[in-house]
Amino acid sequence: MDKVKLTPEQLKELKYFIYKRGFREPEVMMEILDHFACKVEDKLTEKPDLDLQAAMKEAHTEFGYSGFYSIKASLDVFTRRRYKRVYWGEVKKILISPLNVLMLVVIGICVYFSMQWAYIAGFYDSYFDRNIVSSFIILAVVCIELIKLIVLPKNNDKSYHISIANTVNYGSFFLFWLFFPSRKLQSPNQIVVFSVIAAIISMYYYIITLAHYKMIKTAQKDYEEFKAFNQNENPLQ
Amino acid sequence: MICKYRCGNIAYAVFWKNKIICLNLLGIYLTLLGVVTNMEQNQFVKGSLVTIIMKLLEDNGRMYGYEMTKAVRDITANRMHITEAALYPALHKMEADGMLTATTEMADGRMRKYYTLTKKGKKETVSKIQALKDALDSVQLILNTKTANG
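Note that the protein sequences, when read in sequence, are chains C and Y.
The opening position of the first sequence corresponds to residue 42 in this note's numbering, with each subsequent residue numbered one higher.
The opening position of the second sequence corresponds to residue 14 in this note's numbering, with each subsequent residue numbered one higher.
Just so you know, not all the hints are guaranteed correct.
Dumping the calculated DSS-like pairs for lysine-lysine here, alpha-carbon to alpha-carbon at most 27 Å [claimed, not checked]:
id, chain 1, residue 1, chain 2, residue 2
1, Y, 133, C, 134
2, C, 125, C, 258
3, Y, 133, C, 61
With the C-beta cut set under 8 Å, the calculated list includes, among others, these residues of chain Y facing chain C [stated by the list, open to error]:
id, residue
4, 98
5, 109
6, 117
7, 122
Simulated restraints, written as ranges between beta carbons of each label pair [as the list claims (entries may be wrong)]:
id, chain 1, residue 1, chain 2, residue 2, range
8, Y, 151, C, 63, 38 to 48 Å
9, Y, 71, C, 63, 30 to 40 Å
10, Y, 114, C, 43, 24 to 34 Å
11, C, 46, Y, 106, 29 to 39 Å
12, Y, 156, C, 216, 22 to 32 Å
To be clear, the hints were calculated from the coordinates, so they are not data collected in a lab.
All C-beta atoms, glycine included, are put in the ideal place defined by N, C-alpha and C.
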């Protein structure tokens, strides 16, 4: 007996069946669709009098009690792992790139000496309860975070790659906010230690921000490639 | 009660109420201990799933997910089947570990992902198959030998 092949209209019904169950990202849907369609085709070949809806239900039951979720869960885990790998790869690249190392040294020295200068000269902002240089640095970081929001690819078109990549290393700003030293200091030793901490945190922020930016760019590239391959990106078309 | 059984350095499984809740790559060793009395064949397959996938890809060059499940069912005359919940995590993990590469093509009006063994994967296949064969030989030995205490 000839094997049944699904028509584009039938495939559309399959897509809608998957979509209705909450698997809406095109990347996830495409991962599920082929396996599901093959199962449905086999069902229709084995039992020619079966209608498409019944074949879909039978095929879906065979996926087990978690249905399509097992495929999505696995895809989530490994896509996230991929972007984590990209992220740490970028961190390594930054640490061995001469230009970035130079930038890190410049940032470290500038923050260290400006913090020391602010503490020693007594530039203390009593309104914000921190020294003025640390206020400026925190302001600069807030600006960078805003620029990141504007410049980084948004997830308006529900890109699965970008949404997963965004879950890798979020909250770097809050780490900066929590650990960046700003309180009033008296003894010279305290001033040296806290200036060193401020320099290290600033360098850390530079590294993670740049790595995060490059990782999101990779995610965007993956999404563009997916879109280019699958021109019909609307899951229901 | 949760029990963990370990054989050698590479095989272990965790049981809860006589049901397996975690099984490693070569969990096939477990039958050596006679611990798993009512384990279904499907669970048995899970333990050697990576080796099965590698063997299928070695023989066929490239395959897609459904083709693999169908091949296992056909070869074993429906006695074993690989579930999607086991197959896809294994495929994704092998891809992440650099054992497989995936290429996407349009087939029958939809996107299809074909998996192929990489060089590293091909090397691993030989050792994995050998390990599985050794384990099966050991099982055979135990099953065919009448053991007595003392």
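>> Checking each numbered hint in turn, tell me which of them this model violates, lowest number first.
In response: Hints 3 and 12 not satisfied by this model.
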